[in-house]
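Given next are the chains, with one letter for each unit.
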Amino acid sequence: MEYSILLQELKNKFDKSILSIDETADIPTVVISSTSVKEIISFLKEQQNFIFLTDLCGIHYPEQEKELGVIYHLHNLVDNKRLRLKTFVTKANPQIESIVSVFSGANWMERETFDFYGVDFVGHPNLIRILNVEYMDYHPMLKEYPLEDATRTDKDDRFFGR
Amino acid sequence: MKTINSEHHLDLTKEDEKVYSTLNLGPTHPATHGIFQNVLTMNGETIVATEQTIGYIHRAFEKIAERRPYYQITTLTDRLNYCSSPLNNIGWHLAVEKLLGVETNKRVDYMRIIVMELARIADHLVCNSVIGVDSGALTGFVYLFQEREKIYEIYEELCGARLTTNLGCVGGFDRDFSIVAIQKIREVMKGLPKVLHEFENLLMRNRIFMDRTINVGGITADRALNYGFSGPCLRAAGIDYDVRVQEPYSSYNDFDFIVPIGQNGDTYDRFCVRQTEMWESIKLVNNALENLPEGKFNTEVPAFYFPPKEDVYSKMEPLISHFKKVMGEIDIPAKEIYKAVEGANGELGFYVVADGGRTPYRLHFRRPGFIYYQAFPEMIAGQSLSDAILTMSSMNVIAGELDA
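For the record, the sequence lines run as chains A and B. At position 139 of the first sequence (counting the first as 1) the number is 139 in the numbering used here, and the numbers step up by one without a gap. At position 338 of the second sequence (counting the first as 1) the number is 338 in the numbering used here, and the numbers step up by one without a gap.
Watch out, some of these pointers could steer you wrong.
List time: in silico PhoX-like cross-link candidates among lysine-lysine, alpha-carbon distance up to 20 Å [as the list claims (entries may be wrong)]:
| id | chain 1 | residue 1 | chain 2 | residue 2 |
| --- | --- | --- | --- | --- |
| 1 | A | Lys-81 | A | Lys-11 |
| 2 | B | Lys-324 | B | Lys-309 |
| 3 | B | Lys-335 | A | Lys-86 |
| 4 | B | Lys-63 | A | Lys-143 |
| 5 | B | Lys-335 | A | Lys-143 |
| 6 | A | Lys-81 | B | Lys-98 |
Sample of chain B residues at the chain A side, in silico, Cβ under 7 Å [as the list claims (entries may be wrong)]:
| id | residue |
| --- | --- |
| 7 | Asn-226 |
| 8 | Gln-246 |
| 9 | Pro-248 |
| 10 | Gln-374 |
No wet-lab data here; the hints were simulated from the structure. Yeah, the Cβ is synthetic: ideal placement off N, Cα and C, and Gly gets one too.
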């Protein structure tokens with residue numbers, strides 16, 4: 001399997017859902033629309049041998065219109081090819097279809113992403129916090145929560161980054 | 001009587017309580033080897049459903065990493081799988097090197113293979129000897145722990161630390177292997193086969209041990225893949241996925257080694273796979289040590305390579321550059337990478353999103369233990385409590401890795 005053929009096939013099949021393709025990254029990266037995540041991942045698994053979900057994690061870009069991102073790393077173990085899928089949603093409507101029915105391993109990874117970023121995985125069997133306490137009322141990995149106390153005055157961070 | 005689905009834990013009604021009982025395994029239970037809780041619903045001796053709670057030692061590493069310069073993140077990786085921290089350290093260094101596009105020289109690669117395989121041996125030693133302990137055979141544990149101690153002495157010689165090693169740096173090592181270190185590695189490699197043989201004689205064909213572990217906590221290859229298993233647990237189920245072979249890093253392709261696989265994916269297979277992997281690791285260490293190329297122990301990565309100490313103390317430019325590097329004011333290309341290494345428990349991945357700043361914009365650790373531990377309820381459903389303990393220890397679940 002060649003990446004060019006795969007990407008072409010994806011483009012043909014899911015033309016409307018493929019937002020952009022980046023072949024220059026270390027792993028070919030496809031940005032897909034948040035409504036067809038499950039469809040595309042099922043297709044990749046069933047028909048393109050991407051049988052291994054390596055990783056699923058969230059990311060937050062506060063300056064973007066669609067702030068929250070979810071990144072899927074898939075691995076075709078037969079041909080030893082990796083693929084990265086990205087999808088973005090707004091913070092007001094963070095709904096993405098859950099892929100637990102496709103990959104059981106996504107269960108905790110989606111819970112982790114929900115826990116830290118507040119992404120709502122629709123159809124997840126048990127979407128509750130996993131690493132943080134249940135009564136936490138915010139999602140701590142969002143960029144608006146600084147690691148250090150923002151009211152601190154004794155330390156000037158201007159010169160050394162975030 | 002309700003039928004209880006193994007995936008969903010139910011609140012038991014009065015009527016159910018006559019049949020089912022609830023048992024708390026953990027958070028601090030000597031047999032769980034770490035702090036995580038399992039609430040078991042039992043029908044007599046048989047486990048019907050399991051509810052897992054993790055996160056007791058969550059330390060927000062991913063958040064902390066967003067404020068730390070790259071070289072300071074090495075200390076965070078130590079604390080993931082703390083039974084084989086040098087492996088995590090070197091994995092992280094390889095990830096940063098991939099981000100920077102650095103090619104390391106052969107000597108660095110071989111030195112890394114030696115350290116990584118030593119760490120793998122140390123990790124498997126703990127795991128396999130603990131399977132013995134949990135099945136009631138304490139003797140093997142005492143034998144093997146002595147060897148692990150010797151490996152820790154090697155770490156001590158290499159970097160000064162034992163458990164949280166912070167070993168090496170981006171580009172290679174802080175210093176070359178000393179004569180004492182090489183001597184110690186040779187000694188361990190000479191003594192270990194004898195001890196491993198002795199250990200295998202104790203357990204491998206031991207009727208009691210086999211009865212306790214065969215067909216206990218099994219998982220099929222299909223389910224294991226679906227759950228994202230990797231490392232020895234996946235290979236025990238019969239799938240020969242090893243990152244060292246699939247995506248060779250650090251010159252692993254120079255070496256010839258076998259990737260052992262099992263058939264049934266049960267506790268016994270996991271035990272045997274780890275045992276065989278140790279033999280392969282011994283071969284790898286010996287090979288790498290024999291063929292250790294001449295050269296520098298460090299590839300000069302300008303952004304991470306400190307100037308010589310005496311220059312820092314006496315000259316202006318080296319002092320400035322040293323200061324800038326310590327403060328993390330270095331040029332990092334704005335791109336994202338995923339780098340995986342074969343950790344002791346499986347595919348240990350680092351997903352780094354860099355925006356050109358001094359710290360990663362986002363860093364995600366793919367922790368193998370976190371991903372495959374969720375299959376635990378499925379693996380122990382219908383088995384007894386003592387089998388559950390054995391299954392857990394054969395999965396080598398480590399709380400540090402689980403909770404990040």
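Cross-check of the supplied hints:
1. Lys-81(A) <-> Lys-11(A): It holds: about 18 Å lies between the C-alpha atoms, which stays within 20 Å.
2. Lys-324(B) <-> Lys-309(B): holds (15 Å)
3. Lys-335(B) <-> Lys-86(A): Cα-Cα ~15 Å, so holds.
4. Lys-63(B) <-> Lys-143(A): holds (9 Å)
5. Lys-335(B) <-> Lys-143(A): holds (19 Å)
6. Lys-81(A) <-> Lys-98(B): holds (18 Å)
7. Asn-226: holds (5 Å)
8. Gln-246: holds (5 Å)
9. Pro-248: Not OK, violated: Pro-248(B) not within 7 Å of chain A, min 11 Å.
10. Gln-374: holds (5 Å)
Checked against the numbered hints given earlier, the structure breaks only hint 9 and satisfies all the rest.
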